[in-house]
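Go by the hints and put chain B onto chain A.
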Amino acid sequence: MAMKGGFLDNLGKIYGIYTVGFIVFVILLGLGEAFFGMTPKSIGYVYMAVTIGLYAMIGILSRTAKVSEYYVAGRSVPAFFNGMATGSDWMSAASFIGMAGTIFTLGYDGLAYIMGWTGGYVLLAVFLGPYLRKFGQYTIPDFLGARYGGNAARSIGIIAAITASFTYLIAQVTGVGIIMSRFLNLDFSVGVFVGLGGILVCSMLGGMKAVTWTQVAQYIILIVAYLIPPTVMSFKTTGNPISEIAYGQALQKIDAREKAINADAKEIEVMGLWKQKAADLDADIKGLPGSLDAKKADLNAKIAAAATPADKEKLEKALKGLPADAEDAKTKWTAAKGAAAGKSKPMKPYLEPFARLDAKNMLALTFCLMVGTAGLPHILMRYYTVPSVKDARMSVGWSLFFIFLLYFTAPAVAAFGRSEVLSNIVGLPIAQLPAWMANWGKVGLVSFTDINADGILQWYELTIAPDAIVLAMPEIAGLPYVISGLVAAGGLAAALSTADGLLLTISNALSHDLYYKMIDQHASITKRLAISRTLLVVTALISAWVATYKITIIVELVAWAFSIAAASFFPALVMGIWDKRANKAGALAGMYVGFLSCVIYMVGSRFYGLDIWGIKTISSGLFGIPLGFIVNFAVSRMTAPPSQEMQDFVESVRIPKGASAGVQE
Amino acid sequence: MAKELAGLDKEKLKAYWSYNVRLTTIVMVIWFVVTYVAIFFAPQLDKIVIAGFPFGYYMGAQGSLIIFVILIFWYAIKMNAADKEYGVEEEEE
Numbered sequence: 001m002a003m004k005g006g007f008l009d010n011l012g013k014i015y016g017i018y019t020v021g022f023i024v025f026v027i028l029l030g031l032g033e034a035f036f037g038m039t040p041k042s043i044g045y046v047y048m049a050v051t052i053g054l055y056a057m058i059g060i061l062s063r064t065a066k067v068s069e070y071y072v073a074g075r076s077v078p079a080f081f082n083g084m085a086t087g088s089d090w091m092s093a094a095s096f097i098g099m100a101g102t103i104f105t106l107g108y109d110g111l112a113y114i115m116g117w118t119g120g121y122v123l124l125a126v127f128l129g130p131y132l133r134k135f136g137q138y139t140i141p142d143f144l145g146a147r148y149g150g151n152a153a154r155s156i157g158i159i160a161a162i163t164a165s166f167t168y169l170i171a172q173v174t175g176v177g178i179i180m181s182r183f184l185n186l187d188f189s190v191g192v193f194v195g196l197g198g199i200l201v202c203s204m205l206g207g208m209k210a211v212t213w214t215q216v217a218q219y220i221i222l223i224v225a226y227l228i229p230p231t232v233m234s235f236k237t238t239g240n241p242i243s244e245i246a247y248g249q250a251l252q253k254i255d256a257r258e259k260a261i262n263a264d265a266k267e268i269e270v271m272g273l274w275k276q277k278a279a280d281l282d283a284d285i286k287g288l289p290g291s292l293d294a295k296k297a298d299l300n301a302k303i304a305a306a307a308t309p310a311d312k313e314k315l316e317k318a319l320k321g322l323p324a325d326a327e328d329a330k331t332k333w334t335a336a337k338g339a340a341a342g343k344s345k346p347m348k349p350y351l352e353p354f355a356r357l358d359a360k361n362m363l364a365l366t367f368c369l370m371v372g373t374a375g376l377p378h379i380l381m382r383y384y385t386v387p388s389v390k391d392a393r394m395s396v397g398w399s400l401f402f403i404f405l406l407y408f409t410a411p412a413v414a415a416f417g418r419s420e421v422l423s424n425i426v427g428l429p430i431a432q433l434p435a436w437m438a439n440w441g442k443v444g445l446v447s448f449t450d451i452n453a454d455g456i457l458q459w460y461e462l463t464i465a466p467d468a469i470v471l472a473m474p475e476i477a478g479l480p481y482v483i484s485g486l487v488a489a490g491g492l493a494a495a496l497s498t499a500d501g502l503l504l505t506i507s508n509a510l511s512h513d514l515y516y517k518m519i520d521q522h523a524s525i526t527k528r529l530a531i532s533r534t535l536l537v538v539t540a541l542i543s544a545w546v547a548t549y550k551i552t553i554i555v556e557l558v559a560w561a562f563s564i565a566a567a568s569f570f571p572a573l574v575m576g577i578w579d580k581r582a583n584k585a586g587a588l589a590g591m592y593v594g595f596l597s598c599v600i601y602m603v604g605s606r607f608y609g610l611d612i613w614g615i616k617t618i619s620s621g622l623f624g625i626p627l628g629f630i631v632n633f634a635v636s637r638m639t640a641p642p643s644q645e646m647q648d649f650v651e652s653v654r655i656p657k658g659a660s661a662g663v664q665e
Numbered sequence: 666m667a668k669e670l671a672g673l674d675k676e677k678l679k680a681y682w683s684y685n686v687r688l689t690t691i692v693m694v695i696w697f698v699v700t701y702v703a704i705f706f707a708p709q710l711d712k713i714v715i716a717g718f719p720f721g722y723y724m725g726a727q728g729s730l731i732i733f734v735i736l737i738f739w740y741a742i743k744m745n746a747a748d749k750e751y752g753v754e755e756e757e758e
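Protein sequence lines, in the order shown, are assigned to chains A and B.
With the first letter of the first sequence counted as 1, position 606 gets the number 606 in my numbering; the numbers rise by one all the way through.
With the first letter of the second sequence counted as 1, position 19 gets the number 684 in my numbering; the numbers rise by one all the way through.
In isolation and in its complexed conformation, chain A is listed as follows (with noise of 0.2 Å):
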């Protein structure tokens, strides 16, 4: 294996030749646009040819038929490179596309996102990194099953491993399709599956090891196109390149233009007229069946008495847009009604603390997203390829260190793109609006309403979607759409590789530790493998299958999977270390209350109106986190205490020494 040596050895001159590579394949594209007229939609195309080309090459590279190199990427991986490829494993589509577009509707309260996921690096970074690596299996489940005795334990971390990672694993794919349809003009069903490949000929040969150095290369990608359109944006705007300095003054024009906005007369006509709209909409709705009835009649007689054809035309077309009947024309008149609503108020201050918010839930929800954070099996696994207990402390510092560089930008995305669209977008001619409006418009993500028809966009006639924030942020700082093109590639890593570390932590979960370690503990590293790569196959069609139904649900169910995670995980993994007296019934209780009492308040305050305190059902790990500790605790002390080889277990997890032994083929 010298090549292998020998990879390891020239990490760093590897990656920085890839690194430069990209970059001048970047500029080879732009003059590609420049002088040789290609069309945005080559770029797009090549684009994902030579990134997933890569990402499948970086795959085949690495295929390994040994269960180390399979699962924990024979624990060679540097705390650097284990960073950098933790911080793509993390950031999904999510970060990299909805967050600073949060940061840009929620203003200050949107920040609870920016420090809770990368706050809960430091619960990771105290209670758990160090000492599971210490531990030194293959997986979490691993873990519960030989500290608390047994298949029952690990059973529930199997159940949890996989409710958790595959609600996060559709919104993945549901991402690269989003991504692929909308640059590349692929049918949605058709770009899910052009990805989803791409990460399977990467993960299915190489396992960890491959998923690793892929994520490592996603990252460079990832981090690279984030940074650039803000970069410029600053420059051109303040005459600081730095963004994340300079957004300050951007945050100062924001709060003088939001005043002006909310005092200006034509503003308030608009506010105006959306108050009677949704009265009017309420009115409609309260008369309903018979409101739509009229509405239906009023149309037909005016059709009946059009003078000509065109007008005929529009009215029929108005027609056909009413809803179908009764209890659609609910749905969607209360919808706009509150849409209407919303723009008939004032818009509160951005910077002002919670605003939209309060401070409870705030700070609830901020407490929620750490904890849940610590607990994802997805990101706690990748502390087991390391090759000391050294470098797994080490290295959680570096993950964080390279998720800040995204997330510290990312209010200043938000801060720049709010600064551009109060400034200098608000009070042009309709006529003379910006040509990324129109593009992001044809895909629904930017729209306005002319409501007080005088030519003139006000603000409370736009709508923006969060996620145009970052995708239209290359052509609002007037960058080529090479540019463009990088975002979105930036995109697909960021979705591909969190899909990627997803898909082998549910396949191992159910290859390693229920195949293997419960039902035939005899089967030959062979088989093993074999069962691990088809059962990552079969999960990535079945989430291939369930996205193409676009389930609308799923960003709830993403923060409901970190809140099970918190609620379910976190407390056993802790006590588990931190408390030698802590046994298998005080877990089994505390995972099964946690996890349940989670549940009941998710399912309650969403559905049926339960509400304690207030608490947001975004937030409804505040409860199960607390409870899973001290049921854990309580139901532990009530019962015998581990065994003295049990709690000499907990003393060697302790302190790294014997780390390197651990390990076995």
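In case anyone wonders, no lab produced these hints; they're calculated from the structure.
Backbone N, C-alpha and C fix where the C-beta goes; we use that ideal spot for every residue, glycine too.
Hints may contain errors.
Said to hold, decoys possible - Distance condition first, Cα-Cα at most 30 Å in a straight line; then the derived BS3-like pairs of lysine-lysine:
1. B:Lys-712 <-> A:Lys-580
2. A:Lys-348 <-> A:Lys-360
3. B:Lys-712 <-> A:Lys-259
4. A:Lys-302 <-> A:Lys-286
5. B:Lys-677 <-> A:Lys-657
Unchecked claim - Cβ-Cβ distance ranges computed for the label pairs, FRET-style:
6. A:Gly-455 <-> B:Trp-739: 54 to 62 Å
7. A:Gln-432 <-> B:Gln-709: 37 to 45 Å
8. A:Ala-339 <-> B:Trp-682: 22 to 30 Å
9. A:Met-518 <-> B:Trp-739: 17 to 25 Å
10. A:Pro-641 <-> B:Leu-688: 21 to 29 Å
11. B:Thr-690 <-> A:Trp-613: 23 to 31 Å
12. B:Gln-709 <-> A:Ala-256: 19 to 27 Å
13. A:Asp-187 <-> B:Leu-688: 50 to 58 Å
14. B:Thr-690 <-> A:Met-518: 32 to 40 Å
To be verified - Some but not every residue of chain A turned toward chain B, in silico, with C-beta under 10 Å:
15. Ala-79
16. Ile-103
17. Leu-111
18. Leu-124
19. Ala-250
20. Gln-252
21. Ala-392
22. Ser-399
23. Pro-411
24. Glu-651
The following block gives chain B in isolation, referenced to the frame of chain A:
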């Protein structure tokens, strides 16, 4: 699995663990202050404005994150040194 405990001084092990608990406590206190206390007092902190950034906003968007990164590296370096000091470091391969 527990064979590495053989030959280790019980008292030393205890001292190592309590040192770890102490470090962990410090990390958790700082972690708590820079996020939860900073969120709670954001309206008051926002009265201080530096380079356009209201301080409460800055803490949420950057300040707390920078401190998280430093905290994790600080803890790692301290613990890696403590491993040697208390004789529980892993053997070099």
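Going through the hints against the structure:
no.	hint	result
1	B:Lys-712 <-> A:Lys-580	47 Å, violated
2	A:Lys-348 <-> A:Lys-360	18 Å, holds
3	B:Lys-712 <-> A:Lys-259	18 Å, holds
4	A:Lys-302 <-> A:Lys-286	24 Å, holds
5	B:Lys-677 <-> A:Lys-657	13 Å, holds
6	A:Gly-455 <-> B:Trp-739: 54 to 62 Å	59 Å, holds
7	A:Gln-432 <-> B:Gln-709: 37 to 45 Å	43 Å, holds
8	A:Ala-339 <-> B:Trp-682: 22 to 30 Å	57 Å, violated
9	A:Met-518 <-> B:Trp-739: 17 to 25 Å	41 Å, violated
10	A:Pro-641 <-> B:Leu-688: 21 to 29 Å	27 Å, holds
11	B:Thr-690 <-> A:Trp-613: 23 to 31 Å	28 Å, holds
12	B:Gln-709 <-> A:Ala-256: 19 to 27 Å	22 Å, holds
13	A:Asp-187 <-> B:Leu-688: 50 to 58 Å	54 Å, holds
14	B:Thr-690 <-> A:Met-518: 32 to 40 Å	39 Å, holds
15	Ala-79	9 Å, holds
16	Ile-103	8 Å, holds
17	Leu-111	4 Å, holds
18	Leu-124	9 Å, holds
19	Ala-250	8 Å, holds
20	Gln-252	5 Å, holds
21	Ala-392	9 Å, holds
22	Ser-399	9 Å, holds
23	Pro-411	4 Å, holds
24	Glu-651	6 Å, holds
Checked against the numbered hints above, the structure breaks hints 1, 8 and 9 and satisfies the rest.
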